[in-house]
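Chemist: Numbered by our numbering, the letters in the sequence shown go through residues 1 to 838 in order.
Mixed in with the good hints there might be a few duds.
Capping the alpha-carbon separation at 20 Å, the derived lysine to any residue pairs in SDA-like fashion look like this [as the list claims (entries may be wrong)]:
#, residue 1, residue 2
1, Lys-132, Lys-795
2, Lys-200, Leu-240
3, Lys-503, Phe-423
4, Lys-357, Thr-417
5, Lys-200, Pro-294
6, Lys-334, Ala-59
7, Lys-200, Gln-214
8, Lys-426, Val-326
9, Lys-110, Val-120
Ranges of calculated distance between the beta carbons of each label pair, as one might list FRET restraints [unchecked claim]:
#, residue 1, residue 2, range
10, Tyr-512, Asp-296, 35 to 41 Å
11, Gln-392, Gln-601, 50 to 56 Å
12, Gly-458, Gln-392, 19 to 25 Å
13, Leu-781, Met-1, 35 to 41 Å
14, Lys-461, Ser-117, 49 to 55 Å
15, Leu-377, Pro-479, 23 to 29 Å
16, Asp-296, Gln-601, 46 to 52 Å
17, Tyr-500, Thr-379, 42 to 48 Å
18, Phe-477, Val-386, 42 to 48 Å
19, Phe-663, Pro-799, 34 to 40 Å
20, Val-112, Phe-477, 38 to 44 Å
21, Gln-169, Asp-296, 25 to 31 Å
22, Asp-296, Asp-340, 23 to 29 Å
23, Gly-440, Gln-601, 28 to 34 Å
Simulated from the structure, these hints should not be mistaken for laboratory data.
Cβ atoms here follow ideal geometry from the backbone N, Cα and C, with glycine treated the same way.
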Amino acid sequence: MPGDVISQNSGAPGGGMQVQLRGVTSINANSSPLYVIDGIIVSNTAINNGLNSITTAGAGVTNSQDQAVNRIADLNPADIENIEVLKGASAGAIYGSLASNGVIVITTRKGVSGRPSGSVTQRFGQFTLARKLGLRCFGSAAEVTKAYSAADAAEYTANGGACHDLEQQFYSGNPMSYETDASFRGGSSATTYYVGGLAKRDNAIQRNTYYQKQSMTANVSQVFGSHVTVRANNEFVHSLTDRGISGNDNNDIISPGDVFASTPTWVDLQSGIRNPWLPSGSNAFQNADLVKTPEDVYRYIGSVNSSVSAYTSPRQALDFHFIAGVDAFSFNGKIVSPPDAYFEPNDGLPGTIVANKSQNVSANLNLSGAHKFISDLVTATTSFGVRQGRRQSNTLVNRGQNLPAGVSDVNFGVVQTVSENQFLVKDFAYYAQEEMLGLGERLLLTGGVNFERTSVNGDDKKFYAYPKTALSYRIPFLPKFTDELKLRVAYGKAGNQPPYGYKFTTLPISVYDNVLGARPSTIAGSPTIKPETSTEFEGGFDAQFFGGRAGVDFTLFKKNVTDLILSASVANTSGFSTRLLNAGSLQNTGTEIGLSATPIQRNNLNWVSRTTFANVDGRITSLGGLPCFNGGSFFSTKYGAPYVCEGYSPSAVQARNGWDSTFTSAGAFVSRARRITTFESAPDFNMGFSNEINIGPVRLYTLLDWRHGGKVANLTNAYFDPVTNDNLGFLADTAASHARNDAVNINGASYLEDAGFVKLREISLAYTLPRFVTQRIFSSLTQDVRLEVSGRNLKTWTPYTGYDPEVSNFSNQNIGRFQDVTPYPPSRSVFVSLTANF
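Let's have the full structure, built from the sequences with the hints guiding it.
Modeler: Here it is, written out as C-alpha cells:
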C-alpha cells in the first residue's frame, strides 16, 4: 500500500518491526500507529527484557537497546480476514488523540452459514544467513607481522594459518523450522462459528535462538430473532522466544559482532576457548551456549459486539451497537548469565540474572447508534456514540549479581537492584458523524467530530476536538475506456498523546548517607501539557479502465503537526536542567500512487500486476524559539545524530567531522572550525512491485520493495575498522577500512552510507494437485490440495556495506532509527508447505 513504510529493526526472531505512515509525525511522543482488532484497541508495546544489564549498552537495568519485540507480532496472520490502513487524520479522527500516526484496523475471520469447511496447512523450512560482512583471512605470517606483531604472527603459525569463517560458523547449523495452521468454519442461518489454531517454531540463524508460538482463535456469532445479533471474538496466544545477544555493548565485549571485530579469524572461537584477544576472554560461541534470554508471553484478546435493530421501515432504520473488549498479556522475561561465562567476572560481580515481569491490560467500551434516512434525493446516516478506554501496566524488574554457579533464581544474587514502573491511562470520548449520499449515489459527503479527554493531559478534564470532513464525487460522463472516475478531498484532525508522566515532575528514589529518600528530578514536568495535533488535507482520484482491468489511485496530502512535545534547557538556578513543553511544529507533504493492471485475462491464464509509489517531504516549521538540537537516541555526531532544526527535515542527520581551515593569501594558518554537514535518513521515495500469475493449477507470486536514498550510520564498520592506519582491522576489504579511517577526521561523515535498496521480499510457487490425485490419497475428504514453495528476503541489492540498511539499534523511533551497531544479521527463508481444504 502506498505511504506505508515497514522496516525490520534487526534479524532477531520473534518480530521487531516499525510501521510508519506518511512520514515522521513527532519528535518525542509515540511513534507507532494505533492497532484496532475487531473494534477494540490493542497494545503494540515493546518491553525491554534487561539485556542491557550484561551489555551495558546504556544506563539502567533495561534500555531501548535491548532489541525488544513489539506485541503486534503475537497475532496469527492466518486468522486475519481484512486489514484497512487509515493513513490520514480525516479517516482516523474518530480515534482522537491516538490516531496521529495512523490507524491499522484488523478484522479477523468469521464463520459463514452453510456446510462446514476447514483448512490445514503444514510448513517446513530453513532460515539461512542472508548477507555477510566478510572477515579478513591472513595469507601469511609476514602479513600478520606487518599488520600486528611478530608475537601475533607466531600465534597465527601455531594455529596452522587457519581462517575460520566466524560468521558462517556462528549464524548457521540451526534445525528445521515448522508451522502448522488449522481452521474450521460453518454454521446455520442463526449461528456461525470460526475456529483457528497455530503451532510454529522458528529456529533462527544465531546459535540457540528461536521463536515459538501457539494460538487459538474462536469467533462465534448468534442471531436472536430478527433484531439482535451478538458476536464474540476470542484469541489466546502463547509465545516463547530467545533472541540471544546482539547489538551495542560497552563495558564487556559480548555481542557477537563486537567479539568478531576484536578477534582475528585464525583463532578457533568455535572450540569454546577463552578468547586470547580480549582481556575478559569473551567468546561469542560460549556466550551463545551459556547465556539465556527467554521471553515468555501469555496473551488474551477478546471482544463482544452486539447490534440491535431498534426500528426498521422502508424509509428509516435505527440501530444501536455495543462493543466491549479487553487485551491482556503477561510478559515474563529473564536474562541468565552464569558466573562461568568468561566475561562475567570482569565487573567484579560474576553472574547476572534479570527477572522482568510485566502485566498489561487494555480495556475498551464503545456504545453507538446510527439512524438511516432514505429519500428519493438523498440517503442520510447519522451516527453518534461514546467511547471509554483504560490502559494500565505494572512492570517489576529485579536484577541479581554475584551469583553462585548453577542457579537461575534472581534471589541468590548478592547485589540486588529493583525497579518498578506502573502507569494507568484513562480516555473518554464522545463523537457524532453525518454521512449523506446523493445525486444518484454519486456524491458522498461526510462530516464528524470527536471530543476527547485523557488522563495524561495536563488538564485531564478538558475535552479536545478532532473534526473531520470528506467529499467524493463519481463523475457521470466518462471518457472512452473509462469505467469509473471518483474525485475526493478530505480534511481532519488527530492527536498524539503526551507520554505518561510528562505532566508531573518525578521524584527519583536514591540512598543519601545510608538513608532512603527522594528528590525532584532535574526534568521539570508540564502541568499544561497537551496532545500534539495533526491537521491534514488530502485530495486525489480513483479510476478504473478497460472493464476493471486497469486502475489508478492518486493522492496528494499535506499534514501539519503543531504543539510538538519538546524539552528546553532552563537556568540552573531553577533547580532543573530541562523542562517539558508544547512548542514547535512540522509539516509533511507527499504523493501516493497505486497502479493495478491485468495484462492477461484468459480462461487458464491470468496475470495481475500492482505497483505503488510514495514519497514524503518533511520540514520542521517552528521550534517555538528553541535552538536547534540533536534529538532522539544517538552515539556521536562523529557518526551521525538526529538533527532537529527549523527548516530541516525531521529525519535530518547531522555529522560533525573534519575541519574547515582558513589561511592567508601567503598560506599562513588563521583558524579552523569543525565541519558540520547534514544528510537525510529517510528515503527519497518508496516503490513496491507485486505480480501474481495463474496458469491453470500453477500460481506464481513475487514482491519487490525499492527504497531510494536515505542514510544509515554504520557503526558496525567503526567497530571493525582499525584504530590506527597501520593496523588494518579484521574486515576482508582492508582498503575500504583504511579509507574510512583516513577520512573520518579529514573528509567528513565516512560512516554515513547510502541506505537505498531493492529487496526481493517474497517469491512463491504453488501447484494445486489434480483432483484424481487428491481423491486417491485423501479419498473424498478434500476439496483441493495445494503444494507450495516460498522464499522471503532471498536477495538484496544495495550499496550499503553493513548487514541490512533497514536496521535500528534503538528499536522503534520517531527519529534516530538509522543507526547500525553489530546487529543480529538478516536471514532468508525457504519453506515448503502443503495445504488441504476440506
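Chemist: Next step is simple, just say for each hint if it's right about the structure.
Modeler: Evaluation of the provided hints:
{"no.": "1", "hint": "Lys-132 x Lys-795", "result": "holds, 12 Å"}
{"no.": "2", "hint": "Lys-200 x Leu-240", "result": "holds, 11 Å"}
{"no.": "3", "hint": "Lys-503 x Phe-423", "result": "holds, 13 Å"}
{"no.": "4", "hint": "Lys-357 x Thr-417", "result": "holds, 14 Å"}
{"no.": "5", "hint": "Lys-200 x Pro-294", "result": "holds, 16 Å"}
{"no.": "6", "hint": "Lys-334 x Ala-59", "result": "holds, 18 Å"}
{"no.": "7", "hint": "Lys-200 x Gln-214", "result": "holds, 7 Å"}
{"no.": "8", "hint": "Lys-426 x Val-326", "result": "holds, 14 Å"}
{"no.": "9", "hint": "Lys-110 x Val-120", "result": "holds, 17 Å"}
{"no.": "10", "hint": "Tyr-512 x Asp-296: 35 to 41 Å", "result": "holds, 38 Å"}
{"no.": "11", "hint": "Gln-392 x Gln-601: 50 to 56 Å", "result": "holds, 53 Å"}
{"no.": "12", "hint": "Gly-458 x Gln-392: 19 to 25 Å", "result": "holds, 20 Å"}
{"no.": "13", "hint": "Leu-781 x Met-1: 35 to 41 Å", "result": "holds, 38 Å"}
{"no.": "14", "hint": "Lys-461 x Ser-117: 49 to 55 Å", "result": "holds, 52 Å"}
{"no.": "15", "hint": "Leu-377 x Pro-479: 23 to 29 Å", "result": "holds, 28 Å"}
{"no.": "16", "hint": "Asp-296 x Gln-601: 46 to 52 Å", "result": "holds, 50 Å"}
{"no.": "17", "hint": "Tyr-500 x Thr-379: 42 to 48 Å", "result": "holds, 43 Å"}
{"no.": "18", "hint": "Phe-477 x Val-386: 42 to 48 Å", "result": "holds, 44 Å"}
{"no.": "19", "hint": "Phe-663 x Pro-799: 34 to 40 Å", "result": "holds, 35 Å"}
{"no.": "20", "hint": "Val-112 x Phe-477: 38 to 44 Å", "result": "holds, 40 Å"}
{"no.": "21", "hint": "Gln-169 x Asp-296: 25 to 31 Å", "result": "holds, 29 Å"}
{"no.": "22", "hint": "Asp-296 x Asp-340: 23 to 29 Å", "result": "holds, 24 Å"}
{"no.": "23", "hint": "Gly-440 x Gln-601: 28 to 34 Å", "result": "holds, 30 Å"}
Violated hints: none; the structure is consistent with every hint.
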